[in-house]
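Enquirer: Work the whole structure out from these sequences, hints included.
2 protein chains.
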Amino acid sequence: MNSEKLKIAVLGGTGNIGEGMVLRLALQNLMPEGVKNEVIIGSRSKETANEAAKKALSELENCGFDISRITITGSTNLEAVLVAEIIVLTISFDYVLPLLDEIRRALEGKIVITPVVPMVKEGNLFLYKPPSEGSAALAIQKRVPDSTKVVAAFHNVSSAKLKDIVKCESIYDALVCSDDAEAKKLIMELTRNMGCLKPLDGGPLKLASTIESLTPLLINIAKLNGLKNLGINIS
Amino acid sequence: MNSEKLKIAVLGGTGNIGEGMVLRLALQNLMPEGVKNEVIIGSRSKETANEAAKKALSELENCGFDISRITITGSTNLEAVLVAEIIVLTISFDYVLPLLDEIRRALEGKIVITPVVPMVKEGNLFLYKPPSEGSAALAIQKRVPDSTKVVAAFHNVSSAKLKDIVKCESIYDALVCSDDAEAKKLIMELTRNMGCLKPLDGGPLKLASTIESLTPLLINIAKLNGLKNLGINIS
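Residue numbers (this note's numbering), protein chains in the order written: chain A, 11 to 245; chain B, 11 to 245.
I should point out that these hints are in silico values taken from the structure, not numbers from a laboratory. Note that this is a predicted model, so its numbers are computed, not measured.
Just so you know, same-sequence chains aren't split out, so a pair can sit in one copy or run between any two.
Distance condition first, Cα-Cα at most 27 Å in a straight line; then the derived BS3-like pairs of lysine-lysine: (1) Lys46 to Lys65; (2) Lys171 to Lys139; (3) Lys195 to Lys233; (4) Lys238 to Lys208; (5) Lys120 to Lys208; (6) Lys131 to Lys195.
Expert: See the structure below:
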């Protein structure tokens, strides 16, 4: 890592898992080991993004953190991608492919993180419903430039626990898949410093389907067994 | 549960996961809470099955257990199924469907447990490769009589830890899927008394594909991260 701050765009950073990602990434700037960064929340509307950035900063301040060493700003999706080196797609599968078409050229050479899970509700339960490519990760890889490094991660993270930056004491395993060894290593480092996650190498991107399918599994297991906000540990 | 002993056929009980299943099931006869049972190891050859039964009994005796209260016998697959109320298919996917055609009529009204995982090796890694039905469990359900209750369970259990009846102290989650509530309940009870597993309701059989796909995931994670004999915990 160089000493310059990594610019990370969290598209859809106004949604549930996005909110927690923004807080956890920003907090790495206060840690001795964390990856120093600037977080740019991306949204369709700049105003919404700005509001989310202000809300995140005030939440961190209210929890007693020194926000003078933290940068969180808001931007349109395209502007956020243009300045960022890493782009996190915290967006539902239905919206992610059209968005990629809009921002495609700005993704050249960058790292794209997909926590995207294609699933459908059937009755009380969720079913994994991958596209014809086999997984959201592989569908996303098909849509971005060849120089873009796609990393699948953060699918099996409870958004409630991710947002709970003060009280959450659980450590869950986070499986990270990519065909690019360097990008995978960097994202595993980011993950390790999130305070609630332990990264595990999940292998190449073609293995992402199983990891994506764990998300509906965890939601269903919670519902069927009277549990909630579940995560996974492999040992 | 009635007071009569449940007859459980472990087909392929001479293989890796089969061996551990036989030992763990037999040991329930020594526990205050376990489901009392007789285990019949099924194999293509009666001699192989008999040898496996003798080996299991002597292993239990060598570990200091009172085998006078344990019954493990060997039989051909068909004979085992004919006397059993529960049939465990610890057989690889390639062999299971042809075997079901042979024993089909003897399965009427019985419970069939499938820990079967269809997977292929590609280079160093294993890929989940379900049949057109969507999972081994659904393919099996299609092959058995309508009155047979199919339960998917024990996919994500390390055979080494299952066999290690003395030293294994880990407790792993075991996901159990079935469309038959009563059969699911009974198998969850069997699972709970195995000494190393905590059953979780995995929902209907159509959700078995994700649970089956966890097996190659665990094998890959082990290989990629320098770990071994992995299990899963959901919390």
